[in-house]
Amino acid sequence: MRSILTALTSAMLLAAASSAALAEEELSLYNWGNYTSPELLEKFKKETGIKVTVTDYDSNDTALSKVRAGGSGFDMVVPSANFVPIWIKEGLLLESRPDQMPNFKNVDERWVNVSWDPGRHYSVPWQWGMTGPVVATSVYKGDINTSAIWLDPPQELKGKINVVPEKNDVLYAAIRYVGGTWCTGDKALLKKVRDKLLEAKKSWVSMDYGIEKMDSRDTLAQLYYNGAAFRARQVNADIKLGFPKEGYSLFMDSVAILADAPHPDNAKKFLNFIMAPENAALISNFATYANGIKGSTQFMRDDIKAAPELNIPAEYIAAGGWQEVCPAEVDELYTRIWTDLMK
Amino acid sequence: MSSIAEMAATRRTAEGRRRWLLKAPALATIVIASVGPLAVMLVYSVMAKGAFGGVALGHFSLDGWTNVFVERDPFDDTLVLADANLIIFWRSIKLALVATLATLLIGFPTAYYIATRPEQVRSQWMLLITIPFWTNLLIRTFAIMGLLSNQGPVNNILIWAGLIDKPMQMLFTDGAVLLGLVYVYLPLMVLPIYASLERMDFNLVEAGYDLYATRSKVLWHIVIPSCKPGLIAGSILVFIPAIGAYVTPRVLGGGKNMMMGNLIELQFGQGRNWPLGAALSICLLVIVTVALIIYIRGSSGKENAHGG
Amino acid sequence: MAASQHAFDLKAQPGFSIIARLAIVALYLPILILVVFAFNATSSLGVWGGFSFDWFVKAWHNDLIINAALFSLFLATVAGVLATVMATMAAIAMTRTDAYRGQLVSYALINQPLIVPEIVTAISLLIVFAAVKSATGYSGTGYLVLAHTAFCIPFAYLPIRARLEGMDLTLETAAADLYADPWKAFLHVTLPRLAPGIVAGFMLAFVISLDDVVITDLVKSGGQETLPTYMLGQIRRDMTPEVNAAATMLLVPSILLVTAVHLINRKK
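Chains as they are written, first to last, in the working numbering: chain U, 1 to 343; chain A, 1 to 308; chain X, 1 to 268.
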């Protein structure tokens, strides 16, 4: 009797183990649309035998609502810096300790002790960049290193401006433009910010995604991302990116493992994998943003290596800043300003 | 006598049971995956909002509902009318009504023309109407975006024809959204009108010429009354999805010309005010239901008048 | 063309033929643009930059697009079949009968998905399904199939019901006497005559499922990308003719399929 039981148990264990081994072969990444290099996934599969499926989202809020609702079935997600603390606070991320992984030595020191994940206990750099004015300089010949391009638009650009519909990117630039600092709760100043935005909105044609509208000249200026500005310049040489002296925001998207990930071990392998310079370069080559891995530049496409959009000139570095997570009551005010603007 | 009545009764109950069994899978699926979940909206609309979206379950609050109509100005704490919500409500109703009217004006002549073709040709026309359905809606909307673009074909043709001298801004306007809605929902108008015209007895039309001399009078007094169910069905099928449209205004409106669908999404997304989003959803449902009742009342009332 | 033989076509109305022709042109214009720009040499969807096959090659080698397209077809087939079967059963139960208690409620329920705006259903489903997903640990395709089946039912139901209402009852009454088994009567008499309605219902359901983006986006789990949700994800990045190429590749087999069904139906 006993032996039968043992035999049965061991058979069941074996079955469980083998099905687990089968399940080990996959990994599910929940990432921004068109942000994941297919070449990277192929290489990862070749080296580890793990097949990565990618599922798209189109905003931080969508990703957060979906995963927080529970049972999403994803292993990894790529939130922006200003959302990472929310993910951690809500207990959605696994403390996977990337800082103890072998390839962590490749992470640029600049991206190790970041405010949103000090010491990198949860997340690994994916890509980073900035938000700034993208201008068709054949139409507008003035200074483009200013947020006035879209907040006090010159006559040539009026009615031809698109502003990216991202709350924090827009508010950050507007608050700095009016003379405030990020996370300010100063109501007099924020009222000025709101009025400025509502006034400027009259000169905007859209608040939408899509740098390709610069290609077709449906827009002549945008508040948009630097990597996209680089791609727009490949199509029209007169398109240039400005670095506003009043202040502009930097962003970084980081990969993290979900607390309820079905394949946490595979996900850890993936995090370690993308911290290797030659692999990180694949990410940049595809999506045209800088990554945070030392030594990856030598593996990059030549046009990306030399791109002024992706290598912020030294004199403009100081004006860049991060969107820290603001206190709840301040964030609430910002959300209100934003919904007023979007309506 | 009584035994026949009993037999009829048992037969009726057996029949009733069979009916229920046949209906059960469809009804159960809809209750589980469409009607039931709506209850969540009711519950969420009377909860306090959560910190980063979501709701604080168990904390009742009517803020979601009051915020539909009035809101507290964040800067001087006064209560002000939430005019932005009302403007978007009004824009949605307006656009949906105009889109319904436009599809009706295009769809009815189209359906009538097809229904009066010889039978072979008729089915070929219907095939032509349905094929565009087989290309994904989203990508057709993107194609309209390309069409209306500044350097797109429409502007180029207008410039070439000498009607305008520089590109006209068509994309990201209410007009672009309207055009998108009409385009997307036109087949939903043509199909039901065609179906009722197909069943119409065209001998009536011939007889009509004895009574009314002109084509327009025949159309007005004979054709339109007899295909009224189709006209009503088509109008409902267009108006309802149009008023709650999300994708078309998002792609063609450029984020500035919101409709209710986008406003609701905004509250559940970046707005992080789920109770308000839930309350707005219920408002949208109420508007749709009211429209439906008006349609049904209007149609059945007149039909009764005819019959009487 | 028989009509034109008459000197005076009684049925004709002035201007209607022009409107009908223009409507067809308008329906096809965006599709034409879509196909043309799939061959664009540059990355623009609105500005022509020369002829090239590059986007087809790219789309063909993009696993994400191919997988999304295949999953779309799979989902639309499964949901379409389920919705059509359920709608056929319901239509048989609900038409050609005297009014009975609960009929109106059933009718309202069947059509309910038509009435609720997609975004509202989508968010409700996100909340409810997420609770079920965390409770059961199952996050497979079942949820998408269920959601799609539900909103496809009224579309499948419409043409089936219309067909049933137009059918003559006498033949079936005779069949009911002939075959003792009502199932046999249904199989040999009702079903063949109902077939065109069922085919139309399935095709409508299939297409409605294929087009859905809002509900799918909020219900999908890992690896359940459909072509529309894939494209929605692209909005934030650059739209390129790659999706045009994918759509064009899908367009050819669908036109062939629809035309084939049409021809078969006509023979019947």
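Derived by calculation from the structure, the hints in this document are not laboratory data. Be careful, since some hints might not be right.
Below, a list of computed lysine-lysine pairs in the PhoX-like style, where the Cα atoms sit at most 25 Å apart [to be verified]:
1. A:K228 <-> A:K217
2. A:K217 <-> U:K141
3. U:K202 <-> A:K166
4. X:K184 <-> U:K43
5. U:K201 <-> U:K269
Here are the simulated distance ranges between beta carbons [claimed, not checked]:
6. A:G58 <-> X:N265: 43 to 49 Å
7. A:R17 <-> X:R21: 50 to 56 Å
8. X:P253 <-> A:S123: 20 to 26 Å
For each residue, glycine too, the CB sits at the ideal point set by N, CA and C.
Exercise for review: Could you tell me which of the hints above the structure violates, numbers in ascending order?
Suggested key: 2, 4, 5, 6
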